[in-house]
Amino acid sequence: MKGRKVKIEVRNLSKHFEDLIVLQHMDFDIYEGEFLCVVGPTGCGKTTFCNVVTGLLPITEGSITMQGERIDFRKHNVSFVFQEPSCIPWRTVWDDVKIGLEIKKVPKQEIQSRVSAILDLTGLSGFEHFFPSQISAGMKQRVAIARAFVTQPDLLLMDEPFGQLDTSTRFYIENQLIEVWKKTKRTVIFVTHNLEEAVYLSQRILVCTQKPTGIKEEVIVDLPYPRDISDREFVSIRNRVTDLVKWW
Amino acid sequence: MDQELIDAQITMKFDDMTVLEDLQFKVHRNEFLVLVGPTGCGKTTLARLLGGLLKPTRGHVNIGGEQVNPKIHNISFVFQEPSCIPWRTLWDDIYMGLEIKGVDPKTSEARTREVIKLVGLDGFEAYFPKQISGGMKQRVAIARAYATKPDFLLMDEPFGHLDAQTRYLMQIEIMKIWESEKKTVAYITNNIEEAVYLATRIIVLSRLPASIKAEHHIRLARPRNLTSPDFLKLRKEIAQQCEIVE
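Top line first, the protein sequences correspond to chains P and A. Going by my numbering, the first sequence opens with residue 91, and the numbers climb by one from there. Going by my numbering, the second sequence opens with residue 6, and the numbers climb by one from there.
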């Protein structure tokens, strides 16, 4: 990662809920345009980590800055994709994807071209007029991805976004996500329990410890895309990450 | 392979839609059979037919030579959805099947204690479902299913709602239980890695109308290594047959 521009600096980050210490003394950087995965044992506080990094929860100690400024989701352009379906029932795919641009008061013509481009990239062209009740779970998550990318966020945070999808849909969407990320070069933090998914998607993996959560190790995934899960190097990295996380 | 327990010859239609088309296979005693196939190919319909919860439009499902009937035959089910009874403690929930079957209290208590230990829930007997995790709830469902010593155990995506790591743990546990209790299991999943990890045999179903596309006898040594070249090769081959791009 040498020579890359630092986008977000996390220093001595701690988060307590009364007497319970969830995050403790976390120190790391996130680089511009990076695809970073965060993994750790079940229940180690990954979702708290997401909420704290994006400013949805206040920190107890330490600092998080984006290009020198304290991170604030009202000020910085931060997008989220969660595990739970998040489509708005009364909006069509088109209207749902454009909502972030509408809120940001982007000119109509630009909305038109950006939404059209992102729907194309996420394979949703042709479904513009469909409502959530008319599309599959996998398509709903693609709508969430399109909505998140269309605002050209400074930071995109994805918290276990494919956890509820069946295997075949998950692989399909993972491949699409990589295509979208490669074309848009946004900075992505992707939180997952699935260690194979982390190696498949990311350039770097932060492996967290059990609570109180700290960074156990950083694993670089320097493999070309698209990745082959049976490739020797892929397997070697997956085994290493598994050994670091393993509690079962 | 041991002698045959289930003989299935099934065509299943819902109105004009044919879901399963002339499916013919046997399930052998004490085998761990896994059924995989593309999303929406009718795997759950097949599970319901094998358990006697549905009747085929044409053909039959026989268990020990008789038409399958969950009221007569000793069949247990584990489904994807949480199935703990909110107002029963973990002990009472697992004990329930034995109670319904009229097993005497002394034997029921001994068996309940045995299966609770088997699934690693000892110490949690007095807990209610709201006090335990998703993984523990599925362990309750597995213990309840094993308690009655079923002739045939049907599991339909039992770990589909669990996170990837808890799922690994449960796969390891279900294998230990199967190795110690040796029940006949039919297990439905769309997770190919899970299928290759668990199965003695895998049947691959095609898209609708589903028929048998391929069959694999899995002879990898246990416990299986998820990243060994042989494991990954088999996983890839079966994923391709299921039309999954991994």
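Incorrect hints may have been included.
[Said to hold, decoys possible] No more than 25 Å apart at the CA atoms, straight line, and that leaves these computed lysine-lysine pairs for BS3-like:
1) A:K181 with A:K218
2) P:K165 with P:K275
3) A:K135 with P:K301
4) A:K60 with P:K301
5) A:K31 with P:K336
6) A:K76 with P:K336
7) P:K336 with A:K181
8) A:K238 with A:K76
9) P:K273 with P:K95
10) A:K188 with P:K336
Keep in mind that the hints were calculated from the coordinates and are not lab data. Keep in mind it's a predicted model, so treat the numbers as computed, not measured.
Hints versus structure:
| no. | hint | in the structure |
| --- | --- | --- |
| 1 | A:K181 with A:K218 | violated (30 Å) |
| 2 | P:K165 with P:K275 | holds (21 Å) |
| 3 | A:K135 with P:K301 | holds (22 Å) |
| 4 | A:K60 with P:K301 | violated (51 Å) |
| 5 | A:K31 with P:K336 | violated (38 Å) |
| 6 | A:K76 with P:K336 | violated (43 Å) |
| 7 | P:K336 with A:K181 | holds (18 Å) |
| 8 | A:K238 with A:K76 | violated (42 Å) |
| 9 | P:K273 with P:K95 | holds (19 Å) |
| 10 | A:K188 with P:K336 | violated (29 Å) |
Figure legend: structure checked against the earlier numbered hints; hints not met, in rising order: 1, 4, 5, 6, 8, 10.
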